[in-house]
Amino acid sequence: MSARTARRTLWNAVGVLLFVVMVFPVYWMVSTAFKPDQQVNSLTPTWFSVHPTLAHFGDAIHKPFFWVDVKNSLIVVSVTVVVSMTLAFLAAVALAKYRFTGRKLFIVLVIGVQMLPGAGLIIPLYVVLAKYHQVNVLSGVIITYLTAVLPFSVWTLRGFIIGIPKDLEEAAMVDGSTRIGAFVKILLPLVAPGLVATSVFAFISTWNEYIFARTLLNDGSKQTLTVWLSYFLGTSRHTDWGALMAASTLTAIPVVIFFLLVQRKIAFGLTAGAVRG
Amino acid sequence: MPGIAAETTARWSRRLPRTWGRLVRGSVPYLLVLPVVVVMGTVLGYPIYSLVRISLEKYGLFELIRHQGEYIGLHNFGLILHDTVFWHTLLRTVVFTIANVGLVIGLGTLLALLLVRVSTLVRILLTAGLVLVWSMPQVVAVQVWYWMTNFQNGVVNYVLTELHVGDYFQHDWYATTFSQLSLVTALIVWEGLPFVAITVYAALSQVPADLVEAAEIDGAKPWRIFFDITVPIVKPVLLILTSLSILWDFGVFTQPFLLIGQAHLHPGNYLMGVYLYEEGYLKTDFGRGAAISILMLLIVAAMSVVYVRRMVKIGDVD
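So the protein sequences, as listed, match chains A and V.
In the numbering used here, each residue carries its 1-based index in the first sequence increased by 41.
Anchor point for the second sequence: position 212 equals 200 in the numbering used here, and the numbering is continuous, going up by one each time.
Please keep in mind that the hints were generated in silico from the structure rather than gathered at the bench.
Keep in mind that the hints are not guaranteed to be accurate.
[Claimed, not checked] Simulated pairs of lysine-lysine, DSS-like, Cα-Cα distance not exceeding 27 Å: (1) A:K207 / V:K46; (2) A:K172 / V:K301; (3) A:K104 / A:K172; (4) A:K172 / V:K46; (5) V:K209 / A:K145; (6) V:K209 / V:K223.
Everything numeric in this text was worked out from a predicted model, so none of it was measured.
Using the sequences provided together with the hints, build the complete structure.
Structure below.
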């Protein structure tokens, strides 16, 4: 018994050590963002600063294009999420509730498309979008994001709809409702949590997207926040690490909050509806 | 005779609304999937069609402005297949992918096994930490990595020196290709571990406890229990995770591109995604870029067959 306790203690120690190692980069980002410059640039790291400062955050948000690019990110994200959720929901209902010829082909396409690497698509998308004057405008990026968000949304929503017991829907039909009536009264409220979770996931992947935003948006005033962050260091010889970490923290905050909210709901279904990452 | 005719008409008139109803009901699923199919067809189908066309053309900046390429047959493909940079990049990417997938799946599984063995409190702590890491955006993670490994006062050099691993004072991690790609690997593994660990842990909790207990009572050795009971249950999940990781790591772009940095990128440290970006997009040689894209997409498609077939089976069952 004592050997067992000793082993358990050992495993716990390993677990805590791994926690420290895994979380350290995140801690280091946040703590650097709050540290005064002289502690940031010192050769000996300050593990915990007793004199936190907000100066770096001020520097970061006063960098050119910060607010414009925050606005751009918000526009791109909200339009993409609203449009893709509406369209994906309809297709998910078809997959979950109907058997029809071509269903299998549709599933193959939905899953297959998610496997295409983004890098492999930048050239054709750039050329085609340039032809229709969709380069360097937000709409071009939005329609590009739809193709990335739609497949996994269809797949994940399908999972949520299947999870609804069929008896409930049938009971509503027996009560004299039509199929559409049953749908609105029974299906929609039950699927709402799934819809929220999928939207948040679409939000996160759109907010984080980099390669298409980088190639399709060239002007500083047209870019999204991730592209803004990637250009943060620019060509200056002196690196402002404090401001860079403050900017990184600001970029990460919305994602972290939303991710923590829905992670449980969606994580275990992730292998079934993989997100292109 | 007229009787039969009347009867047929009657039958028809009775049947007609029903056929209509069936037709309408039959078309519902198609109407539901139509919007998605239209969007995907236009925004993805059309570019993929032009991808094939452009790959057979001389298509540079001039042609981009004219919206008209010049047909040159398989010339682009010939150029690439005779280019040693392509073959070296492909080989480097394959080795890189094997190393990354091996590490992330191996370490992730070990982490999941650890999660089973620790006390509830430590498990909650560790899981929360993993989810936090999981939620970090790629571009943000790159900046943090860059800060931690900078040669002047990066915390990694400080810690390694303090732990007496060696003299890492002002060690430049960006000096050699191997060191650069190792940093990228460390970053990708760090970012990928939570997904693997948490998913495998979920699968491990499906292992029936009474089965393990019964085996223990029968005197089975721990490793026998692991390989005969645990592994078969976790195997399908590991298979999916491995195929996904292979596809993601093979096509990786953001991490190597931003961490190594534009100034340090050269044909000697390209990965497939970066190669494509530099050769096709940046040099505005879209024809050649398109040909590289096609080769890359074909390789990925071939690799994803296993995964897609498995997923389709899941989608078909329910």
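Evaluated hints:
1. A:K207 / V:K46: This hinted pair is violated, its Cα atoms lying about 57 Å apart.
2. A:K172 / V:K301: Cα-Cα ~39 Å, so violated.
3. A:K104 / A:K172: The given pair, whose Cα atoms are some 33 Å apart, is violated under the 27 Å limit.
4. A:K172 / V:K46: Holds, at about 16 Å.
5. V:K209 / A:K145: Violated, at roughly 45 Å.
6. V:K209 / V:K223: 20 Å, holds
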